[in-house]
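Once you have looked at the hints, place chain P on chain V.
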Amino acid sequence: MQNSNALEKIDFSFLDQPEFRKSFTSGPESNCIRFYVSGIRCSKCVRKLENLSTTVPGLKQLRVELGKNLAYAEVNPEILNFSDLAKKIVELGFNPIPLSEPSQEIAAQKLEDRNELIRLGVAAACAGNIMTFSFATYFGEAGAFYSIFSWLSFILYLPVVTYVAWPFYVGAWTSLRQKSLSIDFPMAVASLAGFVFSTIELLRGKHDIYFDSLSGFLFLILVSRWAQKRVQRRFLRREEIEDTLRLQRVRVLNSTGWNWLPTDSLKIGDRILLYRSETLPAQVELETSYARVGMSWLSGEIKPKTFLQGSTVPAGARLDSSEATFVVKGLLKDSNFGRIIQEVQKFNLTNNRIVSRADKWAQWLLVSVFLCALVFLFSYWSTSSEEAIRRSLALIILACPCAMAFGVPLALIFSLRKAQQRGLIIRNANVFENAKSIQTIFFDKTGTLTDSDLTLIEDPTSVSKIYQKIILSLENESTHPIAFAFRKAIPNTDSLLSVEQLRETPGIGISGYIYGRLYELRGEVGDSSIGCTFFEDKKLLFKFTFEAAIRPDCQMILTELRRRNYRVALISGDRKETVESLGKKLGFKDEDIFSEMDPDKKLFVISRTQNPMMIGDGVNDSLALMKASVSVASSGGVEAALKSSDVYLTEPSLRGVLDLLDISKDSIGLIRQNLLISVGYNLLGGVLALSGYINPFVAAVLMPISSGFILFITWWRGHS
Amino acid sequence: MNVLYLMIPISLLLAGGFLAAFIWSVRDGQVDDLETPAHRILEDEEGA
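Going line by line, the protein sequences match chains V and P. Everything in the first sequence is counted per our numbering, starting at 137 for the first residue and increasing by one. Everything in the second sequence is counted per our numbering, starting at 2 for the first residue and increasing by one.
Isolated chain V, as found in the complex (with noise of 0.2 angstroms):
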């Protein structure tokens, strides 16, 4: 999956050929593209962005979304290729992604939320209008005009009642149909038995007229719905970025040279060319003489394995070395890999609870609220069918489950501002909930408490400069991962030596002559390390070892978090021998030590213990991660494991971690706290309606001062 090397952010050639341009393009001549572009942030990169426009001929338009990270372009495709634009992107210092074009499902969705603010606009205009005939009627002002007034309320409420309130049917329609009862149900009854009640007093001239209350109320309830959505889309939408984070296209050869095709219509048989750090998208045979071959992405392994031609490499290994090219053998879905790539996509459906969570608590309380008024309502009758009728209605109307409807969601829109304020990019808005639980950590070596690339132990200098030299002119062109630790260890002399008869043979090593002397690097695997000797002539000079180095503030945060009485594990994919020398440097217990792992092994332990969190990353510990009751990707091997993942640290650092578990504590308790305010309110409230001190209409203005309150309390305590 790491297919954001930089050749292919530059390669866009892939857009402008037909196989492409049929899946990500729109508009009658096919000359519109959605981008998606990660970094943007504020003002100036929309504004950035979107002069684009003025200074590339041929882009026709550019429009920025900001909230959604996209970009629309509409080119005129004589002059301007899709390639370029993306090119232009880059040059600006962002990471365009090409969408594929937008499904049905989308386009439905977007007319229905433009449905939706149309019947918002339709109910705040009768609801605005209602209450301003009605307020002259409450200081009884109206005088002659009284009827008149009420009247006109009557009619302004028929499209409330009609259109308005009509997703408040089928909502209750619907769920009685499956015998449950939902939020929508009360709403109903609300909506109708007081128009009916209402219409009725009207028509008696009586002064019980409610079309206010309950058109205001109505509108309310809309609004907050309305808003609950755009939450919970900002912060749980996933889908569409996944699409794109697949494996999208790969060199297919030809008898000219190379094309791009889209991954999913490789065929058997098909010759593919890869360069360095590219992922194999199918099960492969080796076509060039040899090639190295990292499989860390699946096993955890640092050190790359050495293929031979006609030997078969699986899909979601990532070449080490220079060009290779292969034979595709076996397609994506059909491997491990594939496998692994889909498993994680099918679970990510299934994933989203919070939100829904908080709609069952506020379903509870209505349902509860509406038993009492319904029960009030029968027992009150035989004493005044007029006042067991209004007393039931303001208590319907009181209600206010907006702790959960609306107190819930703001909490959690806090806790993932903080949340990213720190570097954590939360795509599971569970992950608070979950994390308060957490008892065991769990922690995947590569990438996630060492780095991925090795690392020279010795100190460089402690070799004489001219060796320093020849170690580096022997290296230079090599594609080892042994030569990348020396390059990174010494610093760059200012001119290389020039080597006669450099040979570097996979597995052994690299030798060559300079200055008609034998120079040899020899490479060995150590029990917890790799090491490397250093030969003049056949004769021993140096030993070198490498390790991934392990990264910054990991002692730290696994002290704090022993401290805070969590258990944490670390498990790995590698050998044994290797993760036991970690672990002992870091802490780990015996038990808690977890190696040679492979990625159903690590599931196995993960889902035999009590409330797990993982941090890992790579496709290796996707399924892991997927089990885990908090999966937290380190960075490093983004894409596979974001997929899997419900958060992702954006810094080197693990100190994320310690902020997830704070973040969660408070957010859990702030949630905590608004439903405590909510029942104290709506308890209160319900007393006083039932027992005659608060009409409908009273009803109707405390319940927004009661969403009002709560809204404040959470920012207030989400600010500080």
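Note that these hints are calculated values from the structure, not bench results. Mixed in with the good hints there might be a few duds.
[Unchecked claim] Going by beta-carbon spacing under 8 angstroms, a handful of chain P positions derived as facing chain V: (1) Val-4; (2) Leu-5; (3) Met-8; (4) Val-27; (5) Asp-33; (6) Asp-34; (7) Glu-36; (8) Arg-41.
The beta carbon of each residue, even a glycine, is placed where N, CA and C say it ideally should be.
Frame of chain V, contents of chain P only:
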């Protein structure tokens, strides 16, 4: 007070007019994105 017989229809017409304008703007897609326009006006046109 008789002026109310004139004012009320006018006020209702006005309200209806604004509602119609709102419905038109929604159907037109003007409120599909509620966030970016707020940022867009904050930045000056380049070279302006």
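For each hint, the structure was consulted:
1. With 8 angstroms as the threshold, the beta carbon of P/Val-4 stays out of range of chain V, its nearest partner Cβ sitting at about 12 angstroms, so the hint is violated.
2. Satisfaction of the interface hint for P/Leu-5 is found here, the shortest Cβ-Cβ separation to chain V being roughly 7 angstroms, below the 8 angstroms cut-off.
3. The interface hint given for P/Met-8 is broken, as the beta carbon of that residue sits about 11 angstroms from the closest beta carbon of chain V, more than 8 angstroms.
4. With its C-beta approaching chain V no nearer than about 5 angstroms, P/Val-27 sits inside the 8 angstroms limit, and its interface hint holds.
5. Checking P/Asp-33 against chain V: minimum C-beta separation of about 7 angstroms stays under 8 angstroms; hint holds.
6. For P/Asp-34, the interface hint holds, the least distance from its beta-carbon to any beta-carbon of chain V being 5 angstroms, beneath 8 angstroms.
7. Residue-level restraint check for P/Glu-36 holds (minimum Cβ-Cβ distance to chain V is 4 angstroms; threshold 8 angstroms).
8. The beta carbon of P/Arg-41 comes within 6 angstroms of a beta carbon in chain V, closer than 8 angstroms, and the hint placing it at the interface holds.
Checked against the numbered hints given earlier, this structure breaks hints 1, 3; the rest are met.
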